[in-house]
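*Asks:* The chain contents come next:
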Amino acid sequence: MQIITRSWDKIDPLNINSYIRQRGYEALQKVVRELTPADVIKEIKNSGLRGRGGAGFPTGEKWEMAAGTPSDAKYFICNLDESEPGTYKDRTIVEKNPHQIIEGLLIGAYAIGAKKTFIYINGNYKKQAEILRIAIGQAHEKELLGRGILGSAVDIEIEVFEGAGAYICGEETALINSIEGKRGEPRLKPPFPPIAGLFGKPTIVNNAETLANIPYILRQGAKKYSQIGSSVSPGTKLFILSGVARNKGIIEAPLGITAQELIYNFLYGGGLEAGKEFWFAQIGGTSGRLLPAGKLDQPLTYGNCEYPIGSGSILIVDKNANIKDYLLSWAGFFHRESCGKCVPCREGTYRLWEIAKRLKNNDLCEKDRENIEDILWTLANSSFCPLGKFASVAWSDAIKMFPDKIFKA
Amino acid sequence: MQIKINNKLYNCEDSDTVLAVCKKNGIQIPTLCAHPDLLPSEGVCRMCLVETNQSKCLVSSCTQKVCDGLEVSTETVDVNKARKINLELLWADHAGKCAKCKKNGRCELQNMAEVYDIDEFKFVPRRKELKSENELDLLKDNWSHTVVDEKNPCISRDSQYCIECRRCVRVCKELQTIEALGVNYRSSKTNVGTPYEEPLDCIFCGQCAAVCPTAAITEKDDTEKLEKALADPKKMVVIQVAPSVRFSFGEEFGQPTGTFWEGKLVAALKELGADKVFDTALGADLTIVEEATELIKRIKKSEFTRRSLGEGGPMFTSCCPSWVLFVEKYFPQYLPNLSTCKSPQQMLGALTKTYWAEKEKIDPKNIVSVAIMPCTSKKYEAQREEMDGDVDIVITVRELARLLRKKKINPAYLDEKRFDPALGISTGAGILFAQSGGVMEAALRTAVEKLTGEELGKLEFEMVRGEAEYRCAEIEIDKIKLRVAVVHEIRNARKLLEDIKSGKEKFDFVEVMACPNGCIGGGGQPQPTNKFVRSARIKAVLDRDKNMPLRKSHENPAVKKLYKEFLGVPGGQKAEELLHTKYTNRKK
Chain S
143 MQIITRSWDK IDPLNINSYI RQRGYEALQK VVRELTPADV IKEIKNSGLR
193 GRGGAGFPTG EKWEMAAGTP SDAKYFICNL DESEPGTYKD RTIVEKNPHQ
243 IIEGLLIGAY AIGAKKTFIY INGNYKKQAE ILRIAIGQAH EKELLGRGIL
293 GSAVDIEIEV FEGAGAYICG EETALINSIE GKRGEPRLKP PFPPIAGLFG
343 KPTIVNNAET LANIPYILRQ GAKKYSQIGS SVSPGTKLFI LSGVARNKGI
393 IEAPLGITAQ ELIYNFLYGG GLEAGKEFWF AQIGGTSGRL LPAGKLDQPL
443 TYGNCEYPIG SGSILIVDKN ANIKDYLLSW AGFFHRESCG KCVPCREGTY
493 RLWEIAKRLK NNDLCEKDRE NIEDILWTLA NSSFCPLGKF ASVAWSDAIK
543 MFPDKIFKA
Chain F
9 MQIKINNKLY NCEDSDTVLA VCKKNGIQIP TLCAHPDLLP SEGVCRMCLV
59 ETNQSKCLVS SCTQKVCDGL EVSTETVDVN KARKINLELL WADHAGKCAK
109 CKKNGRCELQ NMAEVYDIDE FKFVPRRKEL KSENELDLLK DNWSHTVVDE
159 KNPCISRDSQ YCIECRRCVR VCKELQTIEA LGVNYRSSKT NVGTPYEEPL
209 DCIFCGQCAA VCPTAAITEK DDTEKLEKAL ADPKKMVVIQ VAPSVRFSFG
259 EEFGQPTGTF WEGKLVAALK ELGADKVFDT ALGADLTIVE EATELIKRIK
309 KSEFTRRSLG EGGPMFTSCC PSWVLFVEKY FPQYLPNLST CKSPQQMLGA
359 LTKTYWAEKE KIDPKNIVSV AIMPCTSKKY EAQREEMDGD VDIVITVREL
409 ARLLRKKKIN PAYLDEKRFD PALGISTGAG ILFAQSGGVM EAALRTAVEK
459 LTGEELGKLE FEMVRGEAEY RCAEIEIDKI KLRVAVVHEI RNARKLLEDI
509 KSGKEKFDFV EVMACPNGCI GGGGQPQPTN KFVRSARIKA VLDRDKNMPL
559 RKSHENPAVK KLYKEFLGVP GGQKAEELLH TKYTNRKK
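The listed protein sequences derive, respectively, from chains S and F.
Per our numbering, the very first residue in the first sequence carries number 143; after that it's consecutive.
Per our numbering, the very first residue in the second sequence carries number 9; after that it's consecutive.
A portion of the hints provided could be inaccurate.
What the hints assert, rightly or not - Derived DSS-like pairs: lysine-lysine, alpha-carbon spacing no greater than 27 Å straight-line:
#: 1; chain 1: S; residue 1: Lys152; chain 2: S; residue 2: Lys366
#: 2; chain 1: F; residue 1: Lys458; chain 2: S; residue 2: Lys547
#: 3; chain 1: S; residue 1: Lys509; chain 2: F; residue 2: Lys89
#: 4; chain 1: F; residue 1: Lys228; chain 2: F; residue 2: Lys369
#: 5; chain 1: F; residue 1: Lys136; chain 2: S; residue 2: Lys550
#: 6; chain 1: S; residue 1: Lys531; chain 2: F; residue 2: Lys89
#: 7; chain 1: F; residue 1: Lys425; chain 2: F; residue 2: Lys369
#: 8; chain 1: F; residue 1: Lys233; chain 2: F; residue 2: Lys278
#: 9; chain 1: F; residue 1: Lys596; chain 2: F; residue 2: Lys108
#: 10; chain 1: S; residue 1: Lys509; chain 2: F; residue 2: Lys73
#: 11; chain 1: F; residue 1: Lys105; chain 2: F; residue 2: Lys305
#: 12; chain 1: F; residue 1: Lys596; chain 2: S; residue 2: Lys324
#: 13; chain 1: F; residue 1: Lys305; chain 2: S; residue 2: Lys331
#: 14; chain 1: F; residue 1: Lys503; chain 2: F; residue 2: Lys236
#: 15; chain 1: F; residue 1: Lys512; chain 2: F; residue 2: Lys308
#: 16; chain 1: S; residue 1: Lys509; chain 2: F; residue 2: Lys425
#: 17; chain 1: S; residue 1: Lys499; chain 2: F; residue 2: Lys139
#: 18; chain 1: F; residue 1: Lys308; chain 2: F; residue 2: Lys458
#: 19; chain 1: F; residue 1: Lys73; chain 2: S; residue 2: Lys324
#: 20; chain 1: S; residue 1: Lys531; chain 2: F; residue 2: Lys64
#: 21; chain 1: F; residue 1: Lys159; chain 2: F; residue 2: Lys130
#: 22; chain 1: F; residue 1: Lys305; chain 2: F; residue 2: Lys111
#: 23; chain 1: F; residue 1: Lys197; chain 2: S; residue 2: Lys531
#: 24; chain 1: S; residue 1: Lys499; chain 2: F; residue 2: Lys136
#: 25; chain 1: F; residue 1: Lys503; chain 2: S; residue 2: Lys324
#: 26; chain 1: F; residue 1: Lys12; chain 2: F; residue 2: Lys32
#: 27; chain 1: S; residue 1: Lys324; chain 2: F; residue 2: Lys197
#: 28; chain 1: S; residue 1: Lys502; chain 2: F; residue 2: Lys130
What the hints assert, rightly or not - Away from chain S, derived, C-beta distances all over 12 Å, residues of chain F:
#: 29; residue: Asn15
#: 30; residue: Lys130
#: 31; residue: Arg473
#: 32; residue: Asp486
Hints listed in this document are in silico derivations from the structure and should not be mistaken for laboratory results.
Quantities reported herein were computed from a predicted structural model and do not represent experimental measurements.
A virtual CB, placed ideally from N, CA and C, is assigned to each residue, including glycine.
Taking the hints into account, I'd like the entire structure generated from these sequences.
*Replies:* So, in structure tokens, the structure goes:
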């Protein structure tokens, strides 16, 4: 089943006509000419689409909140900050088919009544930002955006906003702060952005992959979409396989697929590299949990599940790997990317990184084992935002699963 | 609404946070970033965590709003565990040089560490706890980045002590709109500092130091200079004391807020070794006489030409050095509107080294003129070129208390003493300078009598009193209508200037104080200072004024004597020379 990747490699990303030939912007035309904003929101709600950034919040409900908040201005933001290690799906969508995102963004802006929209793109994605600018320029020429879209009274502008590559700016309130010119730090919630976001106005922040699903849903209908994938979370998902999988890279699969199938089916992962033995998989990037061999039958989906899929990145680790390397890499990442706002995350990730370095050198101090437990506990229980909690996830799993490998020199 | 805290029901307002309800009801919750003057809180320090029935995680009580059916536990095992670990993490990043720290015994972090019984060496072990030489790098903090800034005369910064609570950042931005401080870098390198780590360049109000829980931002310490002067037998040390200090000084020695401790203060200074102790309130009375004369001059000058209120802009008071600096740096177009009067500190300093020195036949070079102030900015003011070094050393209340403790002087055990009479007699009007609205009221008491030539019946000008941040009033004197305003905190001063600029407001006379509620909330006052503490101090000031025999500056016998013996007439040549100053455009 292909939704996002369907026309990849069939179209020229720098030529809008090739997208239009693949039924591109059909959904936007339908929306602007035939549907009211309320119709669009209803359709998205019925489709059951959930956000693809990580949290998996129902997209239609989010839009409804912003649409229902009276305000003189509203904003719609496409989140293309994508900084989870091992995740490069949004970047690839831009490279393969940027108009998919733009069309979804325009439909979303129409649905909530936003005249100004942003594509917030990771500052390291220079090439992709350029592609987006070219695509936006071409869409402008075709009157698909700007003043009076397709001859209607709808005005929507898109601005490509380049961040500076901070991981935390993928968190929606930190992203909003960044656009406002402030430090990229999460805000207190509530108020949630759909009520009071950018410059205090109702704002939707949607992941790029989420938006790429929108044209399909409106073209094919919510009913058809809702039958794909799992019932709690319909549709397909871009998974990014890395580590010792035979087929590495981006793989589109229906949500609800089991880890076993995703990794071993020849349509997807195709098993492991020759001579490698499965040890565990990390589901959802550096902030994800570790899935042992015994849990391979777990469905990968959004909603309430034991192994949240996050951004969809799946790292498969071989039996011969050294867990201490991973621990150091995880601790180092979160230490670098902590925004510095709250105590447990700012100081805790730093001390954890220090301990990880000693662990790597088989040089643990007396209190270190107890300190690890304490840091992980306070990160999980007292951090200001989810980043602190994420920093403890893989470490906690690793310590539960392989204490001997970690603490025996 | 009612919520349950630790299984007991408490009444609360819909807009309350859990922390506010707890504070109101005497339930102790530790906080490092929350401050009553900085609301809403941001939930940075993760100390005020509590458990609720609405969330699986611990929540910060400073940000958690009350809601129906909310049940809160403030002292569970998890809550205390989180507080302890977070404190230990903070401590590992803190300088920890308690014994020689300015805030030793008065540091919020230190106090909390004691309550939660933390292990100071949990994350950074002591050298002797290390097993091998390899671990030595543990003691070297390879991410540490310290900034020490002592380049201005008022405020010291040392980021080793900083716990990144951000109170200073918020007070500077939200109350004072200066934004001199911000947050630099990210992750464990996060540091509170100035843009591009330039030396601090602000209006030196010291509110950052007043809210700092540790010794990261403090008043510049001048106690050593004072000790040196006191120890020098050739020097005559003359100390003056600002009006507001006598209402807050006691707090440093365990007295309740709002204790009036004038006699004890004078006694302590004498005990310390001061040769003479004078009263800055006398300088305030002088300021009023000069300023009222100037105001009348300005009114008379424009009487024939003015068509409406406040034509040509108002006259602004000039006794707050941070306010003066603010005008010089941000709104220099209003420099002509600043009263040319020196502040009470500088007037008294000038008279000490001229009038009093002449009278006592002392070489002014041998006089060390010291001022005990509630203010960090006064240190800067004393060093201004125009001031000719009339005041040599400025000591804040906190520094004085520190010095007294060091010298083992506890004023509580001393017999009260009086100011030295040569420059030590003051009136209620001078005392009123301690709080916002006081200069206005004192000036009106004098100006009205001088303009009308009649005695005032009621001395209290209720319309300029109160704690509101932006107070306006219209006063009719002898058929002249005056529109006056009183503002405190720079954010309100900025708003007022913008209002005047846009023509929205017109005034004849405006009093501005940079700190919340004026000097009583000054940057050099004892900690903690917050809205509740300030209210208690203000009450003490107003009570004192009411009970003074003399309440009008121009009736001060010492002032009258000064003009008769030395200065001539208010606004005259000698007064102009000694008691007035000029300003410079410092806009960048």
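*Asks:* Does each hint fit the structure? Answer for all of them.
*Replies:* Hint-by-hint comparison with the structure:
Between the alpha carbons of Lys152(S) and Lys366(S) the distance comes to roughly 24 Å, so the proposed pair stays at or under 27 Å and holds. Taking the CA atoms of Lys458(F) and Lys547(S), the gap is about 90 Å. The hint is violated against a cut of 27 Å. At roughly 17 Å between alpha-carbon atoms, Lys509(S) and Lys89(F) fall within 27 Å of each other, so this suggested pair holds. A C-alpha spacing of about 33 Å is found between Lys228(F) and Lys369(F), which places the hinted pair above 27 Å, so the restraint is violated.
A threshold of 27 Å between alpha carbons decides the hint, and for Lys136(F) with Lys550(S) the separation of about 24 Å falls inside it, so the pair holds. For the proposed pair Lys531(S) and Lys89(F), the alpha carbon gap of about 17 Å is at most 27 Å, so the pair holds. Between Lys425(F) and Lys369(F), the direct Cα distance comes to roughly 25 Å. Compliance with the 27 Å bound is thereby established for this hinted pair. At roughly 17 Å between alpha-carbon atoms, Lys233(F) and Lys278(F) fall within 27 Å of each other, so this suggested pair holds.
Only pairs whose Cα atoms come within 27 Å are accepted, and Lys596(F) paired with Lys108(F) is rejected, the gap being roughly 38 Å. A distance of roughly 38 Å separates the Cα atoms of Lys509(S) and Lys73(F); the hinted pair therefore is violated under the 27 Å criterion. With a CA separation close to 56 Å, the supplied pair Lys105(F) and Lys305(F) exceeds the 27 Å bound. Taking the CA atoms of Lys596(F) and Lys324(S), the gap is near 23 Å; set against the 27 Å cutoff, the hint holds.
Proximity of Lys305(F) to Lys331(S) is assessed by CA-CA distance (about 56 Å); at most 27 Å being required, the pair is judged violated. The straight-line distance between the Cα atoms of Lys503(F) and Lys236(F) is roughly 44 Å, outside the 27 Å bound, and the hint therefore fails. At most 27 Å may separate the alpha-carbon atoms for a hinted pair to count; Lys512(F) and Lys308(F) meet this at roughly 24 Å. Between Lys509(S) and Lys425(F) the alpha-carbon distance is near 58 Å, which puts this suggested pair outside the 27 Å criterion.
Taken as a hint, the Lys499(S) and Lys139(F) pair is honoured in the structure, with Cα atoms around 16 Å apart against an allowance of 27 Å. Taking the CA atoms of Lys308(F) and Lys458(F), the gap is near 12 Å; set against the 27 Å cutoff, the hint holds. Restraint check for Lys73(F) and Lys324(S): satisfied, since their Cα atoms lie roughly 25 Å apart, inside the 27 Å limit. For the hint pairing Lys531(S) with Lys64(F), the CA-to-CA distance comes to about 13 Å; that is within 27 Å, so the pair holds.
At roughly 35 Å between alpha-carbon atoms, Lys159(F) and Lys130(F) are farther apart than 27 Å, so this suggested pair is violated. Distance restraint check for Lys305(F) and Lys111(F): the Cα-Cα separation of roughly 48 Å exceeds the 27 Å cut-off, and the hinted pair is therefore not satisfied. Of the supplied pair hints, the one linking Lys197(F) and Lys531(S) holds, its CA atoms being roughly 20 Å apart against a limit of 27 Å. The hinted pair formed by Lys499(S) and Lys136(F) meets the criterion: a straight-line CA distance of about 21 Å does not exceed 27 Å.
As the CA atoms of Lys503(F) and Lys324(S) are separated by approximately 23 Å, the hinted pair is consistent with the 27 Å bound. Proximity of Lys12(F) to Lys32(F) is assessed by CA-CA distance (about 14 Å); at most 27 Å being required, the pair is judged to hold. With a C-alpha separation of about 18 Å, the suggested pair Lys324(S) and Lys197(F) falls inside the 27 Å cut-off, and the hint holds. Restraint check for Lys502(S) and Lys130(F): satisfied, since their Cα atoms lie roughly 20 Å apart, inside the 27 Å limit.
For Asn15(F), the requirement that its beta carbon stay farther than 12 Å from each beta carbon of chain S is met, with the minimum near 22 Å. At roughly 6 Å, the least C-beta separation between Lys130(F) and chain S is not larger than 12 Å, which violates its mark as non-interface. The beta carbon of Arg473(F) is kept farther than 12 Å from every beta carbon of chain S, the shortest such distance being approximately 35 Å. The beta carbon of Asp486(F) sits about 50 Å from the closest Cβ of chain S, which is more than 12 Å, so the claim that it is off the interface holds.
Checked against the numbered hints given earlier, the structure breaks hints 2, 4, 9, 10, 11, 13, 14, 16, 21, 22 and 30 and satisfies all the rest.
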